[in-house]
Amino acid sequence: MSVGFAAKVASTVAVILSVGLGITGVLSIQTFERTLGEFLSSRFEFVVNDIRQRIETQLDLGLGLSSIQNIPESMGVYVRGDPQIFTIEVFDESGTVIHSTDTSFEGDLVTEEWMQAWRESGDEGVWALLQRDAGVVGASLRNSFDQEVGSVALRYSRQFLDDSVMNRGSNLLAAGVVVVLVTLILALIGSLLILRRPLRDLADLDASIRGVIRKLSRENGSDDVDASKIRSMEFRTFVSEVGRARDLMVEARDEVRQIDEEQAGQS
Amino acid sequence: MTGEKLRIDPGPANPLEELGGTMASDGIVDRPGVVLFRIVTLTAVLLLISQIAFAWYSLKGFEQVLKPQLERKGEVVARAVGELIEFSVKDLEIPPEKLAGVDDYFRQIMGTNLEIEFMGLLDGEGNVFVSTGIAPEALAELGFDMAGFGTDADGPSQTKGDRIAAAFPVTVSGKTVVGLLVGISTEYVSNRLSDIYFDVITVIVVSWLVTIEFMVFFMNTRITSPLQSLSIAIKRGIGGVFSDRLVVQTRDEVGRVSSRLNELLHALQQRYEDFRFELREVRNAQLDRQIARKIQGIKTRVDGRYRFFGGEEIRPSSSIQIRVPLFLLMFSEELSRPFLPLFINRLAPTDSAISTEFLVGFPITLFMLVAAVFTPIGGGLVDRFGARRVFLMGAVPAAIGYFGTFLTQGYLDFIFWRGLSGVGFGLIFIAAQAWVAENSKGKNSATEMSVFVGAVFVGMICGPPFGGIIAGRLGYETTFLLSAGLAVVSGLIVFSILDDTQRPKNRLGAVQSLIGWRMLFRDPRFLAITLFAAVPGKFITAGFYFYLLPLYLNEIGNSQSVIGWLMMLYGISTFAALPLASWIADRTGRYSLLVTSGVALTGAGCVLVHPALGLPGVNTAAVIAILGLGIGHALSLTSQLAMVRKAAERYRGAIGLTSAIGAYRLIERGGLILGPLVAAPLAIAFDLGTAIAGIGIITLAFVPLYFLTMVFADAEVDLSSQGETA
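Respectively, the protein sequence lines represent chains H and R. With the numbering used here, the residue at position 194 of the first sequence is 215, and numbering never jumps. With the numbering used here, the residue at position 481 of the second sequence is 476, and numbering never jumps.
It should be emphasised that the hints constitute simulated quantities derived from the structure, not laboratory data. Mixed in with the good hints, there may be bad ones.
What the hints assert, rightly or not - Some chain R residues judged to face chain H by a derived CB distance under 10 Å, without partners named: (1) Ser45; (2) Glu78; (3) Gly121; (4) Phe124; (5) Gln223; (6) Leu225; (7) Ala228; (8) Lys230; (9) Gly232; (10) Leu361; (11) Leu477; (12) Gly480; (13) Ile488.
To be verified - Simulated restraints, written as ranges between beta carbons of each label pair: (14) Arg153(H) / Leu407(R): 28 to 36 Å; (15) Thr78(H) / Asn122(R): 28 to 36 Å; (16) Asn614(R) / Arg153(H): 18 to 26 Å; (17) Arg585(R) / Asp183(H): 34 to 42 Å; (18) Glu134(H) / Ala95(R): 54 to 62 Å; (19) Gly306(R) / Val203(H): 48 to 56 Å; (20) Glu134(H) / Gly106(R): 25 to 33 Å; (21) Arg517(R) / Ala28(H): 55 to 63 Å.
Cβ coordinates follow ideal geometry from the N, Cα and C atoms, glycine included.
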C-alpha cells in the first residue's frame, strides 16, 4: 500500500523532472544552434567582407560590376577551400546575378527574400538569412559615391549546422533519459523515506477509526480502542470525544430506561 | 441494563515519553504541510542536481563543437590575409621586414573580428617582423613553430598553452621566409560560453520554478488539502460537532482515511438516531407529563453538548489551488512579451498618417486599459457570483482573444482580439485574488496573498523566454494559439478542482457598492496604501524596470543574454524573498512598516545608479537596483494586499473584499502610466544613470507622504476610540 502511494509521488516527480529536463534540453539546444549559427556566419561574413573589399577597390577605380577582374577567381578559391560553401554570387541592384562560382546562375534573378534582406541590411550593409536548405550571408557593395550598386552573397551548407544540432540533441536526449531514470530511482527511495511515517500514521488512523466504528456498532464488547500508536494529538482527543459522546448517550439512555422501569413498577 | 463504556486507551500521558523525549506530537493530520515541504524539497533538490549535471554535460558538448569553429575562422582569416602577404613577398618581391602598413591593416581586421586576439608576421626562425595585439617578445616567447604549420602533425592551427593560433606560411624554395600568425582569443570563447552559461542558468531557473509550481499544486491537491479537511473535521469533532461530512476526492490512503472518518461520523449519527428514537418512544408512552419533560431534559443534555445533524460538507479547498491556473494564464499572456511590438509593427498599416511608434504602442496600452477597467467590474461580479465563476467567465474571452489573435489578418482585428483578451485578463486577475482572499485563514493574510503574487511572478519570469523560442521556431501567431490552449487548460483546471460552494454570500446592490467605494476612498489608510505605496510601486516598475533599465544595461555594454538574465533577477529576487517577507509581516503584524521599507528600498536602489556615486564594477549598481526593486516589492506587495483586506473588513457590509481589491488595483495602474511619462523626459535631459536615480528619488518622496498619512490615520483612530471610551 505504501509503495503504491510513494510510486505515485515518484512517478509524478519523474514526469515533472522529465518536463523540466526537456525544457532545459530544448532551450539549451536552441542556444547552441543560435551560437553555432553565429560562429559559422561570422566566418563566412569575413569571406564576404574580403570579397567586398576587393570588389569595392575596383569599383573605386571606376570599373562596373560586370567588368571587375580576378574576383571570380578569388571567389572560386574560397569555394574550393571550404566544402561548406555552396556558391558565392555577386548581383546588381536589380537582383541580376553578374558573377557566380556556379556560372549557370549568371543572368538569373536572386529571390525576393534575398533582395528584402539586402534592402533591410542598414548602414553596416551585412545581411544574413537562414533558409531551409542553406544559410546565406551577404554584404552590400558601394561605389566611390557611396551608392549601393549590388551585393555579394555567400550560400553555405546548413548540413553541418543541422547535423551538429541533431547530434547534440541525440546526445542530450540519451543523457536526459539516463538522468531521468536515476532521478526516478532516487525520487522513489526519497519518497518512500519521506512518506514511510506519514503513511504509517494514516494506516494507524484507519485501523483506529475502524476500531471505534466497531465499538460504536456493538452493543457489548470488551476490546478497547488502542490509540497509543496514533501520533496525532488532535486525533487522540477526537477519539476521546467520540467516546465521551457515546458514553453520554449510553448514560442518558440508561437513565431513561431506569425512569421507564420505575414508572412501570409503580403502575 | 447498562451498556458497556467505550474506553479509549490514550497511550502515554505525555507523547514525548513515547518518542523518547525527542519529538512532540507531529502526526500527519496535525502537520500536513510538513509532508508537502519535504516532498517539494526533495523534488527541488533532485531537479536542481539533475539539471546542473545535465547542463554541465550539454555545455561540455557545446564547447567541443564551438572551439573548432573558431579555429576554422582563424584559418580563413590567415588564408585570406596570408595570400596578400604571399603576393607582396613572392610576386612583388618586397622583403617581409619592409612591408608597410601591415600593423594598421591587422588592427582593422581585429577591430571587426573580435575573436582574433593578436596577429603577427614571423620568419621561419621565429623572428618577429610585425606584431599586433601582443608585444613582439611575448609573441616570440609563445614559440609557435612557423615551419610546423600546415604539416600533417599540426594542420593549419597550433595550440600553445591556452593560446590557439592559425598560420599561413609563405615559402620560397622550400624555406619559410615569412608566416602570418592569427591568434584566437580564448577570452572570446570564454565570453561566448559565459553567454551560454547565463542562458542555461536562465533555463534552469525557469524550468525549476515551473516544476516547483506544479509539484506544490499536485501535492496540495492530493495530500495537503484533503488532510486539512480531515483536520477540520477532527477539530470540529473535538468541539462536539459530529454532523459534518468530508467530501472525498481521492482514492488513496488519505481518501481512505477520510472515507473511514465519514463512516465513523455516520455510525455516531446512527447511534444518536437510535438513542433519539428510543427516548421518543419512552417519552410518548409516559402519561405523566412531568416524567415526559424529565426525559426531554435528558435528551436536551446530549443535544446541548453534541451536534449530530445539520452539519456541512467539508471540501478540500485552499488558496494554493488557484496557483497553477493563474500561473498558466500569466504564462500565456507573457509568452508574447518578447515579440509583441515586432508583431504589431508587422500588422500596422505602413501608409498611415499616425506614427508607427503610436500604432505599435496603442494595442499594448489598450490591453492594459481594458484589463484595468475590468478589474473593478470583475470585483463586483466576484462578490455576486464567486471567484470560481468569474475566473471561468474571464477564461472564455481570454482564450477567444488569443485564438482570434492567432487568426488575425490586420491591425484592427488585432486590436479587437487583444481588447477581448484584456477583458478576460482583468476578470481573471481579480478572481484569482478573490479566491486567495476568500480561502485565506485570516491571521496569515500576507502569507496567503504571497500565493497570488508568487504565481504572477513565476508566470512573468517563465513566459518571455519560452515565448521567444516558440515564436522563433513556430512563428508569432502560433504562440498565441498556444496561449489560447493554455487559457482553456487553466479554465478546465479551475472548473474541475476549485469548489466555492461554501463561499460567503455577498450580494450588494449597485447603490450600496457606490456607498462602499465612497467610504473606502475617504479612508486615509486605504488612500495611503493605494496612492503612496501601490502607485509608486508601479511607477518605478514601469519607469525604471520596463523603460530605462534595458537601455541602461545595453549602454554599459552587456550582451542580450546578460541583459535577459539581469532583468530576470527582479522576478527571481521577488519570488525568493516573498515567503520570508510575508512570514515576517504576519508574524510581527507590522504591515505598514514593511510597506514603508519596501517602497524605500526600491527607491534607494535606483538612486545608487547615479554615475556620481561611481560604484565599482560594471553592473554592480544595476544589480543592486534590480535586487532593491525585487526585494522591496516582495516586502511591500503582500503587506499592501493584507492591508487592503483589513481596510475592506472595516467596511464589511458596505463593500465586498473583492471590490476593495478592484478599487486598489484600478488606482495602482496610474503608476504604470506615469512611469514612462516621467522616465522619457528624464532620459532626454540627463544620462540614463541619472534618469534612473531621478526615478528613485521621486519614489523615495512617496515614503514620507505614506508615513505621515498613516500616522495621521492612526492618531484619528486613537482620538475616536478615546471619544467612544469617554
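Hints, verified against the model:
A cut of 10 Å between beta carbons decides the hint on Ser45(R): the least distance to chain H is about 5 Å, and the hint holds. Using the Cβ-Cβ criterion of 10 Å, the hint placing Glu78(R) at the interface with chain H is satisfied: the shortest such distance is roughly 8 Å. A distance limit of 10 Å between C-beta atoms decides the matter here; for Gly121(R) the minimum to chain H is near 27 Å, and the interface restraint is violated. With a cut of 10 Å, the hint placing Phe124(R) at the interface with chain H is violated, because the nearest CB-to-CB distance is about 22 Å.
Hint status for Gln223(R): violated, given a least beta-carbon distance of 12 Å to chain H, over 10 Å. Proximity of Leu225(R) to chain H holds as hinted, the smallest CB-CB distance being about 9 Å (cut-off 10 Å). Using the Cβ-Cβ criterion of 10 Å, the hint placing Ala228(R) at the interface with chain H is satisfied: the shortest such distance is roughly 9 Å. Contact between Lys230(R) and chain H, as hinted, is supported at the beta carbon level, the nearest pair being about 7 Å apart and thus within 10 Å.
Hint status for Gly232(R) relative to chain H: holds, with the closest Cβ pair at about 5 Å, below 10 Å. With its C-beta approaching chain H no nearer than about 29 Å, Leu361(R) sits outside the 10 Å limit, and its interface hint is violated. At a threshold of 10 Å, the smallest CB-CB gap from Leu477(R) to chain H is about 14 Å, leaving the interface hint violated. Against a cut-off of 10 Å between C-beta atoms, the interface hint on Gly480(R) is violated, since the closest Cβ of chain H lies about 16 Å away.
A cut of 10 Å between beta carbons decides the hint on Ile488(R): the least distance to chain H is about 16 Å, and the hint is violated. Distance hint check for Arg153(H) and Leu407(R): the Cβ-Cβ separation is about 33 Å, which falls inside the suggested range of 28 to 36 Å. The hinted window of 28 to 36 Å between Thr78(H) and Asn122(R) holds, with their beta carbons roughly 31 Å apart. Distance hint check: the CB atoms of Asn614(R) and Arg153(H) are about 40 Å apart, inconsistent with the given range 18 to 26 Å.
Separation of Arg585(R) from Asp183(H) is about 60 Å and departs from the stated range, judged on CB atoms against 34 to 42 Å. With their beta carbons about 44 Å apart, Glu134(H) and Ala95(R) fall outside the hinted range of 54 to 62 Å. Range check, Gly306(R) to Val203(H): Cβ separation about 49 Å, and the 48 to 56 Å hint holds. Against the hinted window of 25 to 33 Å, the Cβ-Cβ separation of Glu134(H) and Gly106(R) comes to about 31 Å, which satisfies the hint.
The hint said 55 to 63 Å for the Cβ distance between Arg517(R) and Ala28(H), and at roughly 59 Å that hint holds.
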